[in-house]
Amino acid sequence: MVNYPIIEHLDIERYGLFGTAPEHVLKVIVDRGITLVLGGNGLGKTTIVSMLYRLLAGPTDVTALQYRLDLGTARLDSSRITPDARALFARRVADGARTATATMTVRFADNNLVVQRNLGDLRLVALRLNSDELDISEDVFQREIVRLVGVPTFGDWILILRYLTFFMEDRRPLIWDATAQRQVLRVLFLPQETSAKWLTDERDILELDTRMRNLRAVLSREERAVAVGQAKTQSAAKVLEELKSLAEQQQLDREKRERLAAEGLSGEAAREDARLRTLRAEDDREERYRQVERIKLESIAAAFPTPSETARYLLAQLMAEGSCLVCGNVVPDVAADLELRAKQGKCVVCGSDVQIGSTRVADPVVVTTALRDLEAAEETLAEARLAQTECENNYREVIQQITQLNAAIAKRSTRIDWLVAQLPPDEQSLHKQRSELSLLRTRVEELKVELAAKKNLFRGFIDGVNQTIVESAAAIKKSFDGFAQGFLLDQCKLVWSPKKSQVGQEAGTVEFPAFELEMSGTDFLSPVRRTGPEQVSESQREFIDLSFRMALMTVSGFKSHASLVIDTPESSLDAVFAPRAAQVLTRFAHRGRNRVIVTSNLVEGALIPGLVFGDKPSSRQATVVDLFELAAPTAAVKALGTEYKAIRNKLLTRKTIS
Amino acid sequence: MRDDIQLRRSIRIVQLLDAAEMAGMIPLAVEQLHLLAYLSNVLAQVWELTPIDGKLLKRESGPFYSALQRDLDKLVGAGVVAVTKVAYVREQEGKWRLESEYRLNSILAHRITTRLAAFEAERRVQLFLNELAFAMSALASDELSASSRADPTYANPVVDVGSVIDFAEWRNVNFTATATRRFERAYPSGVTPTRAELLHLYARHLHHRLNAAH
Chain A
192 MVNYPIIEHL DIERYGLFGT APEHVLKVIV DRGITLVLGG NGLGKTTIVS
242 MLYRLLAGPT DVTALQYRLD LGTARLDSSR ITPDARALFA RRVADGARTA
292 TATMTVRFAD NNLVVQRNLG DLRLVALRLN SDELDISEDV FQREIVRLVG
342 VPTFGDWILI LRYLTFFMED RRPLIWDATA QRQVLRVLFL PQETSAKWLT
392 DERDILELDT RMRNLRAVLS REERAVAVGQ AKTQSAAKVL EELKSLAEQQ
442 QLDREKRERL AAEGLSGEAA REDARLRTLR AEDDREERYR QVERIKLESI
492 AAAFPTPSET ARYLLAQLMA EGSCLVCGNV VPDVAADLEL RAKQGKCVVC
542 GSDVQIGSTR VADPVVVTTA LRDLEAAEET LAEARLAQTE CENNYREVIQ
592 QITQLNAAIA KRSTRIDWLV AQLPPDEQSL HKQRSELSLL RTRVEELKVE
642 LAAKKNLFRG FIDGVNQTIV ESAAAIKKSF DGFAQGFLLD QCKLVWSPKK
692 SQVGQEAGTV EFPAFELEMS GTDFLSPVRR TGPEQVSESQ REFIDLSFRM
742 ALMTVSGFKS HASLVIDTPE SSLDAVFAPR AAQVLTRFAH RGRNRVIVTS
792 NLVEGALIPG LVFGDKPSSR QATVVDLFEL AAPTAAVKAL GTEYKAIRNK
842 LLTRKTIS
Chain B
83 MRDDIQLRRS IRIVQLLDAA EMAGMIPLAV EQLHLLAYLS NVLAQVWELT
133 PIDGKLLKRE SGPFYSALQR DLDKLVGAGV VAVTKVAYVR EQEGKWRLES
183 EYRLNSILAH RITTRLAAFE AERRVQLFLN ELAFAMSALA SDELSASSRA
233 DPTYANPVVD VGSVIDFAEW RNVNFTATAT RRFERAYPSG VTPTRAELLH
283 LYARHLHHRL NAAH
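Protein sequences appear in the order of chains A and B.
First residue of the first sequence? That's 192 in my numbering, and the numbers climb one at a time after it.
First residue of the second sequence? That's 83 in my numbering, and the numbers climb one at a time after it.
There may be inaccurate statements among the hints.
[Stated by the list, open to error] Simulated restraints, written as ranges between beta carbons of each label pair:
(1) SER711(A) to PRO239(B): 22 to 32 Å
(2) ALA599(A) to VAL171(B): 51 to 61 Å
(3) ASP524(A) to ARG172(B): 26 to 36 Å
(4) GLU181(B) to GLN676(A): 25 to 35 Å
[Said to hold, decoys possible] Below 30 Å or equal to it, Euclidean Cα-Cα: the simulated DSBU-like pairs (lysine-lysine) are:
(5) LYS388(A) to LYS645(A)
(6) LYS690(A) to LYS167(B)
(7) LYS669(A) to LYS156(B)
(8) LYS156(B) to LYS177(B)
(9) LYS140(B) to LYS684(A)
(10) LYS690(A) to LYS137(B)
(11) LYS156(B) to LYS684(A)
(12) LYS137(B) to LYS691(A)
(13) LYS137(B) to LYS177(B)
(14) LYS750(A) to LYS684(A)
(15) LYS836(A) to LYS218(A)
(16) LYS645(A) to LYS669(A)
(17) LYS447(A) to LYS691(A)
(18) LYS668(A) to LYS156(B)
(19) LYS690(A) to LYS177(B)
(20) LYS140(B) to LYS668(A)
(21) LYS669(A) to LYS177(B)
(22) LYS668(A) to LYS645(A)
(23) LYS140(B) to LYS750(A)
(24) LYS137(B) to LYS668(A)
(25) LYS156(B) to LYS691(A)
(26) LYS602(A) to LYS447(A)
(27) LYS177(B) to LYS684(A)
These aren't lab readings, by the way, just hints derived from the structure by calculation.
Just so it is clear, CB atoms sit at the ideal spot from N, CA and C, and this is done for glycine as well.
If we strip away everything but chain A, and leave its shape as in the complex, we get (with noise of 0.2 Å):
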């Protein structure tokens, strides 16, 4: 269980943007649901953002998460920030932010947290727990947030800030980053201990696997050595030669081993993602088809006076399919007849009339509509056999290179060591190298086996945490349900889906915990896996991320209790889904103290009167912090003010949402 932070208070003072008189104060009281900061371009709505996430963060960031958009398996330690990054908010200002402050009053459970920022360098300048005066450290202030918030590390912290708390201009996915997403999974549902022993035993690993691959270089560069040794001391050309290209040679392949590799885990992936496309479209196939039959069957079930069970079921699957099952032959014609008889009331088998009272004659246009599906569905099927098959036949031609350059590998070393065998007995330093040499090899090979070892055990751990996490899955797809549903038209669900991945690059993969989204779509029969942001439009990617983050501190959050930043979301949404996505984060800003703080462009359409006024159109909802009135104003607001102000007016007083 983890304590989201529950933002109460920001209150801005001296600084430039937001007021030029020498005490202005910039009081932002956030309320349980909405809070709307609306501005237009260089008001400050980012800034504010930034604001909220620095007084929590403080100057401290995951360092992976500053230059890259994949966490990988990145240390997720905590690091101080550079000094420029700490400047952030004294650039945007003249004075340099010398003297401003940011305050927040942030809630975890049942603890009130006052932190105090200088604005020009981020430096604590007041820290209150409840009532008690903190000593002014970052130390103090991680070690308390680690505590309240409930994780191991500042890093973990860092991660729940930047992956669920605040959904900034970077837009970091979570659904489909499936290493950043299992860090999170690990911070929310983990026993403390637990978490911990994940990251060191993972940590353990890659830095034994760095160290197995750096011995391994040396090898490399010791073999090359000797062979130099070995044909200086012969003077044979010949043999400097050979040693010196088997060497080379060596090194090629065991570099193209490491790429085959990476390859072979993608692969890997592919053809598992192929088969399971395979099983269902077999699935949907088989649904189709008993659609139709069952349509064919009805349809003939009363022209039998006395029912002859297996008979029907010959003949629906002869109707529905075209081909006899008694002999295997395509009869498409036989079968055109046969519903010709069941149509016009004769018996199907012997064409003679029949009391047909009760005859059900499937209407033509269900016919046509099942039998289209079920050839759609063949298609499908037919295309997803295909699309296995070369998975599989690239999967294995990877694993076949990779068993032929073990093979190769393997037969050049020996080669090697037979050539430095045959070195003079005489030559002392020779002898010296070549046993350096050995017992590099043995080292090399000792590791390989202590990481083998290690990565089992981490496995085996891993299967345990898995099973762990996975107890919360069921409630977490239901809050996902919950979220997605309102925004989104088609089929959406979570599904609890493991990811194989690669700790370290030697010894074989771990299945770490993973939800993926599985969603219907115009081209697709039944739900499909997207495991990609670019499998789902713009405007569905980043309320589905969105609603997954809510489904996730909703599950896992002290009393369901948490906040939400969400920086500008009316950029990727058309005019449909703004109401839609309006509706969903009013329904997450009104559970329990939920806070949710929006940052929006003045646009028109229904996303900021969705907010404002939710479900009751007479009175607002949220409260308002208006930039246009409160920020100083830029060049812009002061030529076009007027327009600026009809129109907030028009969407802050609408009385209706369209």
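Model the placement of chain B on the given structure of chain A, informed by the hints.
Coordinates of chain B only, in the frame set by chain A:
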């Protein structure tokens, strides 16, 4: 290759229905037939046999092999299998599913079962399937239909509905076989249960788990 797999599946259907008949389980409802097919795959390891399919798509309603169903249809067409109570039901997700009951047509099936009995390997498989059917026949009909919910491989929450359960195709993680073998530990030292007894213990385990869940 595909024909070979299809033939093996058809043989498995005949053998399963034969075993079900011997255990007094016929006519066998479609979902029970697929369940037995699944168990014959997942428990094959306990009898040192190779499953004919080491994976399947996890469905909410329990094991179902589309390819096996098509082969079953063909066996009905060939007169080897008789079908009764044919009906179509709509599942929760709105999909149509066949609901029917099957039994061997003894006249035509006899020729096949006699031929199969001539081969040692097939006799071993039949023995395994007979014991499996005997063990599962101890369950009430509704327990049998629901037993995948208690099977450690099928019910493993780490594999979600709509994903692939792979216990012997590309990986070798078979919780059902492992759990079944563990029943050996329940015996006094020096006493080793037979493989048939293990299947019966497994069926009893399913019974307990299903009833504990209620």
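Status of the hints after comparison with the structure:
1. SER711(A) to PRO239(B): 22 to 32 Å: About 24 Å separates the Cβ atoms of SER711(A) and PRO239(B), which means 22 to 32 Å holds.
2. ALA599(A) to VAL171(B): 51 to 61 Å: holds (59 Å)
3. ASP524(A) to ARG172(B): 26 to 36 Å: Taking Cβ atoms as reference, ASP524(A) and ARG172(B) lie about 32 Å apart, which means the hint holds.
4. GLU181(B) to GLN676(A): 25 to 35 Å: Distance hint for GLU181(B), GLN676(A) holds at roughly 30 Å.
5. LYS388(A) to LYS645(A): Status holds; Cα separation ~13 Å.
6. LYS690(A) to LYS167(B): With Cα atoms ~43 Å apart, LYS690(A) and LYS167(B) exceed 30 Å; violated.
7. LYS669(A) to LYS156(B): violated (41 Å)
8. LYS156(B) to LYS177(B): This hinted pair holds, its Cα atoms lying about 22 Å apart.
9. LYS140(B) to LYS684(A): Holds, because 16 Å separates the two Cα atoms, which is no more than 30 Å.
10. LYS690(A) to LYS137(B): holds (18 Å)
11. LYS156(B) to LYS684(A): violated (36 Å)
12. LYS137(B) to LYS691(A): With a Cα-Cα distance of about 18 Å, the restraint between LYS137(B) and LYS691(A) holds, given a limit of 30 Å.
13. LYS137(B) to LYS177(B): Distance ~22 Å between LYS137(B) and LYS177(B) Cα, so the pair holds.
14. LYS750(A) to LYS684(A): holds (24 Å)
15. LYS836(A) to LYS218(A): holds (22 Å)
16. LYS645(A) to LYS669(A): With a Cα-Cα distance of about 36 Å, the restraint between LYS645(A) and LYS669(A) is violated, given a limit of 30 Å.
17. LYS447(A) to LYS691(A): Answer holds: LYS447(A) to LYS691(A) is near 21 Å, not above 30 Å.
18. LYS668(A) to LYS156(B): violated (40 Å)
19. LYS690(A) to LYS177(B): With a Cα-Cα distance of about 29 Å, the restraint between LYS690(A) and LYS177(B) holds, given a limit of 30 Å.
20. LYS140(B) to LYS668(A): Cα-Cα ~17 Å, so holds.
21. LYS669(A) to LYS177(B): holds (21 Å)
22. LYS668(A) to LYS645(A): violated (33 Å)
23. LYS140(B) to LYS750(A): violated (34 Å)
24. LYS137(B) to LYS668(A): Holds - the C-alpha atoms of LYS668(A) and LYS137(B) are around 25 Å apart, at most 30 Å.
25. LYS156(B) to LYS691(A): violated (39 Å)
26. LYS602(A) to LYS447(A): holds (16 Å)
27. LYS177(B) to LYS684(A): holds (17 Å)
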